[in-house]
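Trainee: Here is what each chain is made of, one letter per residue.
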Amino acid sequence: MPLLKVSDMTKTFGGLQALTNLNISVEEGEIVSLIGPNGSGKTTLFNVITGVYRPTSGRVIFNGDDITYLKTYEIIRKGISRVFQTTSLFLNGTVLQNVIAGSYIFSGIRSFEDFLNTPSTQHKRQAREERALEILRSLHMVPLKDVAATNLPYGSQRLLSLAIARSIQPKLMLLDEPLTGMNPSEKAETIDLIRQMYEKDKITILLVEHDMRSVMDLSDRIVVLNFGEKIAEGPPEVIRDNPKVVECYLGGRWVSDKGRGNVA
Amino acid sequence: MGKWWWWVPIPVLFLIPVFTQDGYYLGIAITCFIYIVLTLTFMLMMQVGLLSLGQCAFYAIGAYACTLLVMKAKLCYWLALPLGGSITMAITALIFIPVLRTRGLFFAIMTLCISAIVAQIAGNWESLLGGHSGIKAIPKPTAIGTIDFSSRVHYYFLALIIMVVTIVVMARLARSHFGITLRLIRDNESLAQHVGINPFRYKLMAVSIASFFAALAGGFYAPYAKYIHPEVSSIWDSLYVQIYGIAGGLGYPIGGAIAGTVVLKIIPELMRVAQIYQPMFFGAILIIVVLFLPHGLVSLPGLIKERWSGRSERLGH
Numbered sequence: 001m002p003l004l005k006v007s008d009m010t011k012t013f014g015g016l017q018a019l020t021n022l023n024i025s026v027e028e029g030e031i032v033s034l035i036g037p038n039g040s041g042k043t044t045l046f047n048v049i050t051g052v053y054r055p056t057s058g059r060v061i062f063n064g065d066d067i068t069y070l071k072t073y074e075i076i077r078k079g080i081s082r083v084f085q086t087t088s089l090f091l092n093g094t095v096l097q098n099v100i101a102g103s104y105i106f107s108g109i110r111s112f113e114d115f116l117n118t119p120s121t122q123h124k125r126q127a128r129e130e131r132a133l134e135i136l137r138s139l140h141m142v143p144l145k146d147v148a149a150t151n152l153p154y155g156s157q158r159l160l161s162l163a164i165a166r167s168i169q170p171k172l173m174l175l176d177e178p179l180t181g182m183n184p185s186e187k188a189e190t191i192d193l194i195r196q197m198y199e200k201d202k203i204t205i206l207l208v209e210h211d212m213r214s215v216m217d218l219s220d221r222i223v224v225l226n227f228g229e230k231i232a233e234g235p236p237e238v239i240r241d242n243p244k245v246v247e248c249y250l251g252g253r254w255v256s257d258k259g260r261g262n263v264a
Numbered sequence: 001m002g003k004w005w006w007w008v009p010i011p012v013l014f015l016i017p018v019f020t021q022d023g024y025y026l027g028i029a030i031t032c033f034i035y036i037v038l039t040l041t042f043m044l045m046m047q048v049g050l051l052s053l054g055q056c057a058f059y060a061i062g063a064y065a066c067t068l069l070v071m072k073a074k075l076c077y078w079l080a081l082p083l084g085g086s087i088t089m090a091i092t093a094l095i096f097i098p099v100l101r102t103r104g105l106f107f108a109i110m111t112l113c114i115s116a117i118v119a120q121i122a123g124n125w126e127s128l129l130g131g132h133s134g135i136k137a138i139p140k141p142t143a144i145g146t147i148d149f150s151s152r153v154h155y156y157f158l159a160l161i162i163m164v165v166t167i168v169v170m171a172r173l174a175r176s177h178f179g180i181t182l183r184l185i186r187d188n189e190s191l192a193q194h195v196g197i198n199p200f201r202y203k204l205m206a207v208s209i210a211s212f213f214a215a216l217a218g219g220f221y222a223p224y225a226k227y228i229h230p231e232v233s234s235i236w237d238s239l240y241v242q243i244y245g246i247a248g249g250l251g252y253p254i255g256g257a258i259a260g261t262v263v264l265k266i267i268p269e270l271m272r273v274a275q276i277y278q279p280m281f282f283g284a285i286l287i288i289v290v291l292f293l294p295h296g297l298v299s300l301p302g303l304i305k306e307r308w309s310g311r312s313e314r315l316g317h
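Protein chains in written order, with our numbering: chain S, 1 to 264; chain V, 1 to 317.
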């Protein structure tokens with residue numbers, strides 16, 4: 001049974017067909033990449049999976065449960081986390097507070113208990129903070145822990161949003177263009193982090209990314225979308241040689257030294 | 001905020017009646033206490049990003065509920081006070097389930113409307129709520145031993161206790177998991193949902209808790225004034241509460257509420273001799289605060305300290 005199964009998914013916005021009868025499944029322990037030109041429906045698919053949009057028709061099955069019509073926070077509690085395309089952080093909080101916020105579900109802290117400040121809640125708060133520090137340590141961000149998120153440089157903000165998504169302890173993580181706007185060293189660090197989450201935390205990953213070299217490198221399987229439809233699916237080697245994919249997305253020169261896709 | 005000296009003024013306030021029993025000063029103090037409670041509840045809602053312009057609606061519902069429980073149901077006042085608060089909480093929760101679907105200024109306008117609607121209902125429901133002439137001759141709170149509420153000092157202590165309880169609860173809420181979560185939602189509601197927070201639940205809880213304490217203040221006001229009328233749910237007073245909060249400093253849910261209310265309530269009071277100019281002074285203070293202290297009155301000591309100690313450091317750069 002696949003961990004995530006999106007079946008016959010259709011989403012229209014007025015007359016615009018954003019997704020058309022899309023079928024995608026992700027097995028546990030896979031890294032699946034979703035590629036396609038801008039506007040091909042990748043982010044819409046993420047929004048449908050996390051309950052931000054309601055699909056026009058179709059189902060989303062996660063881990064055996066139908067999550068199609070659940071609210072966002074309920075879907076997250078089932079074990080899906082998401083990193084947004086545009087960096088989304090708790091900008092008023094510090095780095096540490098952001099990561100702590102990510103462990104909202106797993107900390108098990110109850111409002112009333114915490115209001116009374118019982119020993120058990122103190123213990124949970126301490127455990128939560130230690131875990132958050134551990135995550136920051138793996139990102140080499142401990143020295144920044146008291147910096148306000150809004151004052152971080154862009155690359156660190158992206159990393160921090162990954163750290164929040166990781167501290168949710170999900171089974172499946174949806175990454176929406178995690179490498180955009182990063183310099184090479186930040187890219188390397190992020191890819192390293194994605195690998196770490198995949199190997200150490202056993203998180204299954206569904207990745208949207210335009211950086212072809214990283215996509216080919218990371219993924220077990222690639223799904224190609226165009227105008228809301230799946231036009232190809234398969235392992236990286238196969239996708240690379242698929243004429244339809246090359247035509248609509250990769251272009252002839254994609255294996256140039258820059259390694260970037262020709263994004264229209 | 002967690003420093004112990006923050007609590008020093010409270011025993012001092014308990015000792016004030018030893019020095020003066022002047023009804024005028026005690027009256028000002030009592031009004032201050034009530035408005036501090038209302039501003040604190042405003043600040044609680046503000047922490048989750050809900051701008052309320054209808055704090056007095058809760059206050060009025062609480063005043064009417066408590067009075068009816070005492071006069072119609074013949075309950076003991078000390079039972080009616082928290083029960084009135086709970087009834088207000090239930091009514092508020094029902095009203096706000098649909099209202100919380102709105103956001104930002106739309107929400108603010110909704111609360112303003114609720115305030116007006118409460119006044120309309122109170123004004124037109126003659127059989128139960130006494131209509132526009134209100135409910136008169138509200139009995140004193142049930143006597144406890146020698147405390148029979150024959151003197152204003154007794155009311156002073158009751159108002160002070162209600163305020164202290166509210167401050168303690170609000171301070172604890174703001175510092176605990178609940179308050180932290182509220183501020184996460186205000187900061188980034190979409191991300192809050194994506195870490196598993198149910199914003200609706202927290203907003204509803206914040207509004208309900210706010211309404212409970214505002215209703216306690218209302219339940220105090222009814223026997224203190226001996227007379228309640230639809231204008232208790234006054235839009236103007238709700239707007240004042242909002243201004244106290246903003247002037248005090250929205251970033252300081254406790255200190256800001258107290259500082260804003262005390263300064264903006266007492267300074268116009270000192271201008272009593274020239275009553276017609278009172279709103280002018282009020283306006284002037286507000287403009288000065290907004291222009292020069294964007295983080296509110298509470299940030300003033302910090303700014304002064306920074307000027308004093310920061311000068312040498314800045315020269316070093």
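Take these hints with a grain of salt, some might be off.
No more than 27 Å apart at the CA atoms, straight line, and that leaves these computed lysine-lysine pairs for DSS-like [what the hints assert, rightly or not]:
1) V:Lys226 to V:Lys265
2) V:Lys74 to V:Lys140
3) S:Lys171 to S:Lys187
4) V:Lys226 to S:Lys124
5) S:Lys124 to S:Lys187
6) V:Lys226 to S:Lys145
From chain V, some residues computed to sit far from chain S (all C-beta separations above 10 Å) [to be verified]:
7) Val99
8) Arg101
9) Phe178
10) Ala192
11) Asn198
12) Met205
13) Leu303
Simulated from the structure, these hints should not be mistaken for laboratory data. Ideal Cβ placement from N, Cα and C applies to all residues, glycine included.
Trainee: Just to be careful, I want the Cα atoms of Lys74 of chain V and Lys140 of chain V compared with a cutoff of 27 Å; is the pair within it?
Mentor: Measuring from Cα to Cα gives roughly 13 Å; hence the hint holds.
Trainee: Between the alpha carbons of Lys171 of chain S and Lys187 of chain S, is the straight-line distance 27 Å or under?
Mentor: holds, 23 Å
Trainee: For Leu303 of chain V, is the shortest beta carbon distance to chain S beyond 10 Å?
Mentor: holds, 19 Å
Trainee: Is it true that the CA of Lys226 of chain V sits at most 27 Å from the CA of Lys124 of chain S?
Mentor: violated, 49 Å
Trainee: Does the claim that Arg101 of chain V lies off the interface hold, with its Cβ farther than 10 Å from every Cβ of chain S?
Mentor: holds, 14 Å
Trainee: Taking the minimum C-beta separation from Ala192 of chain V to chain S, is that value above 10 Å?
Mentor: violated, 8 Å
Trainee: Could you check that no beta carbon of chain S comes within 10 Å of the beta carbon of Val99 of chain V?
Mentor: holds, 19 Å
Trainee: Does the claim that Asn198 of chain V lies outside the interface with chain S hold up, using a Cβ gap greater than 10 Å?
Mentor: Per Cβ check, Asn198 of chain V is inside 10 Å of chain S; nearest 5 Å; violated.
Trainee: So if I understand the rule, the pair passes when the alpha-carbon distance is 27 Å or less; does Lys124 of chain S with Lys187 of chain S pass?
Mentor: Violated: Lys124 of chain S and Lys187 of chain S sit about 34 Å apart, past 27 Å.
Trainee: Tell me if the straight-line CA distance from Lys226 of chain V to Lys145 of chain S falls inside 27 Å.
Mentor: violated, 55 Å
Trainee: Hey, does Met205 of chain V actually stay past 10 Å from chain S on C-beta?
Mentor: violated, 8 Å
Trainee: Does the claim that Phe178 of chain V lies off the interface hold, with its Cβ farther than 10 Å from every Cβ of chain S?
Mentor: violated, 4 Å
Of the hints listed earlier, those the structure fails to meet are numbers 4, 5, 6, 9, 10, 11, 12, in rising order.
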